[in-house]
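Protein chains: 4
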Amino acid sequence: MSFLKTCVVAGTGPGNGAAIARAFSKEGFHVALLSRSNTFTSSLASELGNATAITCDLSDEISIAQAAKKIESECPPVEVLVFNAGGASTFRPGTLLDIQPSELIKSISARSMGPLALSQHLLPGMVERKKGSVLFTGATASLRGSANFAFVAIPSFSCKALAESMAREFMPKGIHVSHIVLDGAVESERARQWMPNAGPDDLIQPKDVAANYVMLHNQPRSTWTFELVLRPAVEKW
Amino acid sequence: MSFLKTCVVAGTGPGNGAAIARAFSKEGFHVALLSRSNTFTSSLASELGNATAITCDLSDEISIAQAAKKIESECPPVEVLVFNAGGASTFRPGTLLDIQPSELIKSISARSMGPLALSQHLLPGMVERKKGSVLFTGATASLRGSANFAFVAIPSFSCKALAESMAREFMPKGIHVSHIVLDGAVESERARQWMPNAGPDDLIQPKDVAANYVMLHNQPRSTWTFELVLRPAVEKW
Amino acid sequence: MSFLKTCVVAGTGPGNGAAIARAFSKEGFHVALLSRSNTFTSSLASELGNATAITCDLSDEISIAQAAKKIESECPPVEVLVFNAGGASTFRPGTLLDIQPSELIKSISARSMGPLALSQHLLPGMVERKKGSVLFTGATASLRGSANFAFVAIPSFSCKALAESMAREFMPKGIHVSHIVLDGAVESERARQWMPNAGPDDLIQPKDVAANYVMLHNQPRSTWTFELVLRPAVEKW
Amino acid sequence: MSFLKTCVVAGTGPGNGAAIARAFSKEGFHVALLSRSNTFTSSLASELGNATAITCDLSDEISIAQAAKKIESECPPVEVLVFNAGGASTFRPGTLLDIQPSELIKSISARSMGPLALSQHLLPGMVERKKGSVLFTGATASLRGSANFAFVAIPSFSCKALAESMAREFMPKGIHVSHIVLDGAVESERARQWMPNAGPDDLIQPKDVAANYVMLHNQPRSTWTFELVLRPAVEKW
Numbered sequence: 001m002s003f004l005k006t007c008v009v010a011g012t013g014p015g016n017g018a019a020i021a022r023a024f025s026k027e028g029f030h031v032a033l034l035s036r037s038n039t040f041t042s043s044l045a046s047e048l049g050n051a052t053a054i055t056c057d058l059s060d061e062i063s064i065a066q067a068a069k070k071i072e073s074e075c076p077p078v079e080v081l082v083f084n085a086g087g088a089s090t091f092r093p094g095t096l097l098d099i100q101p102s103e104l105i106k107s108i109s110a111r112s113m114g115p116l117a118l119s120q121h122l123l124p125g126m127v128e129r130k131k132g133s134v135l136f137t138g139a140t141a142s143l144r145g146s147a148n149f150a151f152v153a154i155p156s157f158s159c160k161a162l163a164e165s166m167a168r169e170f171m172p173k174g175i176h177v178s179h180i181v182l183d184g185a186v187e188s189e190r191a192r193q194w195m196p197n198a199g200p201d202d203l204i205q206p207k208d209v210a211a212n213y214v215m216l217h218n219q220p221r222s223t224w225t226f227e228l229v230l231r232p233a234v235e236k237w
Numbered sequence: 001m002s003f004l005k006t007c008v009v010a011g012t013g014p015g016n017g018a019a020i021a022r023a024f025s026k027e028g029f030h031v032a033l034l035s036r037s038n039t040f041t042s043s044l045a046s047e048l049g050n051a052t053a054i055t056c057d058l059s060d061e062i063s064i065a066q067a068a069k070k071i072e073s074e075c076p077p078v079e080v081l082v083f084n085a086g087g088a089s090t091f092r093p094g095t096l097l098d099i100q101p102s103e104l105i106k107s108i109s110a111r112s113m114g115p116l117a118l119s120q121h122l123l124p125g126m127v128e129r130k131k132g133s134v135l136f137t138g139a140t141a142s143l144r145g146s147a148n149f150a151f152v153a154i155p156s157f158s159c160k161a162l163a164e165s166m167a168r169e170f171m172p173k174g175i176h177v178s179h180i181v182l183d184g185a186v187e188s189e190r191a192r193q194w195m196p197n198a199g200p201d202d203l204i205q206p207k208d209v210a211a212n213y214v215m216l217h218n219q220p221r222s223t224w225t226f227e228l229v230l231r232p233a234v235e236k237w
Numbered sequence: 001m002s003f004l005k006t007c008v009v010a011g012t013g014p015g016n017g018a019a020i021a022r023a024f025s026k027e028g029f030h031v032a033l034l035s036r037s038n039t040f041t042s043s044l045a046s047e048l049g050n051a052t053a054i055t056c057d058l059s060d061e062i063s064i065a066q067a068a069k070k071i072e073s074e075c076p077p078v079e080v081l082v083f084n085a086g087g088a089s090t091f092r093p094g095t096l097l098d099i100q101p102s103e104l105i106k107s108i109s110a111r112s113m114g115p116l117a118l119s120q121h122l123l124p125g126m127v128e129r130k131k132g133s134v135l136f137t138g139a140t141a142s143l144r145g146s147a148n149f150a151f152v153a154i155p156s157f158s159c160k161a162l163a164e165s166m167a168r169e170f171m172p173k174g175i176h177v178s179h180i181v182l183d184g185a186v187e188s189e190r191a192r193q194w195m196p197n198a199g200p201d202d203l204i205q206p207k208d209v210a211a212n213y214v215m216l217h218n219q220p221r222s223t224w225t226f227e228l229v230l231r232p233a234v235e236k237w
Numbered sequence: 001m002s003f004l005k006t007c008v009v010a011g012t013g014p015g016n017g018a019a020i021a022r023a024f025s026k027e028g029f030h031v032a033l034l035s036r037s038n039t040f041t042s043s044l045a046s047e048l049g050n051a052t053a054i055t056c057d058l059s060d061e062i063s064i065a066q067a068a069k070k071i072e073s074e075c076p077p078v079e080v081l082v083f084n085a086g087g088a089s090t091f092r093p094g095t096l097l098d099i100q101p102s103e104l105i106k107s108i109s110a111r112s113m114g115p116l117a118l119s120q121h122l123l124p125g126m127v128e129r130k131k132g133s134v135l136f137t138g139a140t141a142s143l144r145g146s147a148n149f150a151f152v153a154i155p156s157f158s159c160k161a162l163a164e165s166m167a168r169e170f171m172p173k174g175i176h177v178s179h180i181v182l183d184g185a186v187e188s189e190r191a192r193q194w195m196p197n198a199g200p201d202d203l204i205q206p207k208d209v210a211a212n213y214v215m216l217h218n219q220p221r222s223t224w225t226f227e228l229v230l231r232p233a234v235e236k237w
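The listed protein sequences derive, respectively, from chains D, B, U and E. All letters in the first sequence, in the order written, are residues 1 to 237 by my numbering. All letters in the second sequence, in the order written, are residues 1 to 237 by my numbering. All letters in the third sequence, in the order written, are residues 1 to 237 by my numbering. All letters in the fourth sequence, in the order written, are residues 1 to 237 by my numbering.
Chain D extracted, bound-state conformation (with noise of 0.2 Å):
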């Protein structure tokens, strides 16, 4: 393989981010991770091979500018572009009177305007190139706020109208852009304290979202989708 067109994954943790990225890795792509830390990134990167690890701040504009200039000077083109910041990780449900305004911002920041700012740098080649996808992470926050879940919701809806502006704005240039729903639980050590007689696929499965990331990417383009609900089997909606 060649390896002459890159996948970004802005937000490389070890569930989603790194199934993702692996999956991108396997399909021919050169991937760059990016993460506040590069701890992870970096043992990913040489375990993947043709991948750089990138440390970036997704709610900094000057963090965000340097991580751009990185990619754009070591990185092949870039063609696909994925933002799985959540940082859900550390989140816990209360009453929207407890938020602190300033913690709010970051989160907000990390999820419209870090997109934002990183796609200016990256989009515009990939117009000119004609090809590629920007593939948004949501949650069950993006479809609803709920009660004690504020702080998430926040911060999820303005992601999703962030990707669904630039959906309308660049697809019609040739860029599918979407917006992927995890409406359920993710396979992680945390959820199978919470549900520990859950089935094997009664959780979502971080290769499963990447196969469906995958396959938005390559979906032929007289049927793109913009938003993709993805929900286990037994999962109540």
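Certain hints may be false.
For chains that are exact copies, the list does not tell them apart, and a pair is met inside one copy or across any two.
[Claimed, not checked] Straight-line distance between alpha carbons at most 30 Å, and here's what the computed DSS-like set of lysine-lysine pairs gives:
id, residue 1, residue 2
1, Lys5, Lys130
2, Lys5, Lys173
3, Lys130, Lys236
4, Lys131, Lys236
5, Lys70, Lys236
6, Lys26, Lys236
7, Lys207, Lys5
8, Lys106, Lys130
9, Lys236, Lys173
10, Lys5, Lys69
11, Lys106, Lys26
12, Lys131, Lys207
13, Lys70, Lys106
14, Lys26, Lys69
I should point out that these hints are in silico values taken from the structure, not numbers from a laboratory. Because the structure is a prediction, the values reported are computed rather than measured.
Chain D is already provided as a structure; the job is to place chains B, U and E on it using the hints.
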């Protein structure tokens, strides 16, 4: 290939229905081709081999019962059930004041009562075998009731209600139920007359629709999609 | 008061229908009370004065034509038309495998074909007089197809499609079309049996529903609402 | 009238904000008029009497805390809290490639962080008094992310997420939370320049908007509406 499983396509015209039948046939399915008249389906069945053409009027309960009996006695076990009756082929937009109530009921029946009745015959076996997909074809009129489109919106909404109720009842029992919304004009001679300057991918291509149906049937169980909206890259929405 | 205008309530039972009739009667409307049987509506008509009880089966086109003729010959010009047929009073949730197709068609007819047919008789006059409202009663099942609720979701979605198509066609012609979604249990003896501990406002009060219908009819023309969801303060959604 | 209760209007310009303030003033409320500059609000406060003009930048947490303190020390108890910051007055549609990330964050802050922070100060008292409404003004961009409208869609979606989360948490505690979507152009000199032939009701009239806000505050507890979309009769949607 062994053809030990059947894909039923209820509503098999020369566009999406035929493409879906061809696609599942290539995947190793026996296909049961249901249509009000068997002129087209007989010749398609001959072309495909391992196919059965069955006349069926989806607005008529008795005709459905007869078709179900034929499927169950002459075909391998049903694994995929596609409801593709649109029947909008002769539709002309117009004020709701001009709709014939009896024609409306016939159209609603073909989109909800009929699919329900056929499912009542075939779903129990699929549940018992713990495997299968039921795929409903929808359209823009499934998403919104527009001026001058009441005649298609009312049946389309009734179909979506059935699909969504079925999904919530049967997904936890292992049956993947999807509602596919074709949000754009489908390639056809008539569509080309309206849009003579459309590029090759500017109209929905039936073979691309069919690829998405096969994808849905094969979607991993931890990441099932209920509603899949498909539209050309250039479509305004 | 002069009673120079009529409010038609199609589907007048002792709950919301009667409350809506009372509220418009107080606003100075003659009320036409349509119901399959005239047992209840006759006594309500006597109570209200300036009211006409008319038998009408909304699933039967001929019965509708007769009712329309009676309204047009015996009542002042129609200014408000309320479709309040729910008929869920005897509904018991259950698997869609047990739905009788013919009963489903009857229920769909009463929720979409019937309201369409009656509107075909009465709307042209309202448009000519450039004034009027058509108000459709919906329910939770208008918003989602749930497991075991297919029998109400399918007719409810068909009703919403009619309302939305009518709104988009007739609002620009000066007719206010609204779809009111009652997203909660309505006060009734049966509801109190299920929820014996419900507070006075925890169930939807028919008089409150009626106040919202009057509000919609009086809503200023520069700020019309199509869909109005009503739910008790305590309701989970 | 006794003016024993306050209506806070956060975002009081000469259009909807002033109309809402006038309407609640007529209903017997003391009104607190929050705006970044007090040029307009001071003169409106003089006109109304029983009104307090308070400078407040809703994108600045410290400014909000100061405004909250002033409201709590100088005004009667808060019963209605209106978030009317749109700030789209200077907005020009344009590609998302040209959005300044820092301006986007400022706008998001004013639509979600700011309303959250002010609510954190004022909601606990409303909950204690078991009475009150929080009303958020939204726009077409709250419903969909359109091409060239990312700059308003992202803040608008963040506002809707806050409103919906707040509704689900606080409605059961007796606070009516609503998100009002103005789906059309609002009457203004600028709007008349775009649409010189618009009739008197073809643009949303601020006094009509205000009447709907008062209606929502008075809506009976058994039939509360969360989202209220308002559009002119002639509007395409």
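Exercise. What hint numbers does the structure not satisfy?
Worked result: Going through the list in order, the structure violates hints 5, 6, 8 and 11 and respects the others.
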